[in-house]
Amino acid sequence: MTVYAVQYTYTDDTPTLDAVRPEHRAFLRSCLDAGSLLASGPLEGGRALLLLVAPDVDALDALLARDPFAAAGVIASVESATWNPVIGPWAELA
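Under our numbering, the first residue of the sequence shown is numbered 13, with each subsequent residue one higher.
Honestly, the hints are just simulated from the structure, not real lab data.
Hints are supplied without guarantee of correctness; some may be wrong.
Stated by the list, open to error - Here are the simulated distance ranges between beta carbons:
#1 GLY53 <-> ARG78: 18 to 28 Å
#2 SER42 <-> LEU105: 17 to 27 Å
#3 ILE99 <-> PRO34: 17 to 27 Å
#4 ALA31 <-> ASN96: 17 to 27 Å
#5 ASN96 <-> THR26: 29 to 39 Å
#6 ILE99 <-> ASP25: 33 to 43 Å
#7 ALA106 <-> GLN19: 15 to 25 Å
#8 ASP68 <-> ASP30: 25 to 35 Å
#9 PRO67 <-> SER89: 19 to 29 Å
#10 SER42 <-> GLU91: 20 to 30 Å
#11 ASP68 <-> THR26: 11 to 21 Å
#12 ASN96 <-> PRO34: 30 to 40 Å
#13 PRO27 <-> PRO67: 18 to 28 Å
#14 ALA103 <-> PRO67: 32 to 42 Å
Glycine included, each C-beta is placed from N, C-alpha and C at the ideal position.
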């Protein structure tokens, strides 16, 4: 499995973001329960960071496509990179 650091940049459609956020967070909780999400949370500037585990980039893309925020069109951009944790609780995943 590969660890990915994913950064979302959101649109400025605050009403839709607010309306869909409960579904988005429920989706993230389901990813956590399934073992594919390590952590997530907002960043300043209308962005968020997600640390995810997936077998490959195609599986990562398929997972991200299921995010209700993606379906609602409130993600302006997605940047992802493999992440190699060498120290800390996730180091054994690398």
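Verification of the supplied hints:
1. GLY53 <-> ARG78: 18 to 28 Å: Since GLY53 and ARG78 have Cβ atoms about 19 Å apart, the given range 18 to 28 Å holds.
2. SER42 <-> LEU105: 17 to 27 Å: Given a distance of about 20 Å, which is inside 17 to 27 Å, the answer is holds.
3. ILE99 <-> PRO34: 17 to 27 Å: Violated, since ILE99 and PRO34 (Cβ atoms, about 35 Å apart) do not stay within the stated range.
4. ALA31 <-> ASN96: 17 to 27 Å: 37 Å Cβ-Cβ, so the 17 to 27 Å window is violated.
5. ASN96 <-> THR26: 29 to 39 Å: Given about 35 Å between the Cβ atoms, the range holds.
6. ILE99 <-> ASP25: 33 to 43 Å: Because 38 Å falls inside the window, the suggested range holds.
7. ALA106 <-> GLN19: 15 to 25 Å: Once the Cβ atoms are compared, 19 Å apart, the range 15 to 25 Å for GLN19 and ALA106 holds.
8. ASP68 <-> ASP30: 25 to 35 Å: Because 33 Å falls inside the window, the suggested range holds.
9. PRO67 <-> SER89: 19 to 29 Å: Holds, at about 24 Å.
10. SER42 <-> GLU91: 20 to 30 Å: holds (23 Å)
11. ASP68 <-> THR26: 11 to 21 Å: Hint violated: Cβ distance 34 Å, outside 11 to 21 Å.
12. ASN96 <-> PRO34: 30 to 40 Å: holds (33 Å)
13. PRO27 <-> PRO67: 18 to 28 Å: violated (36 Å)
14. ALA103 <-> PRO67: 32 to 42 Å: violated (19 Å)
The structure shown violates the earlier hints numbered 3, 4, 11, 13 and 14.
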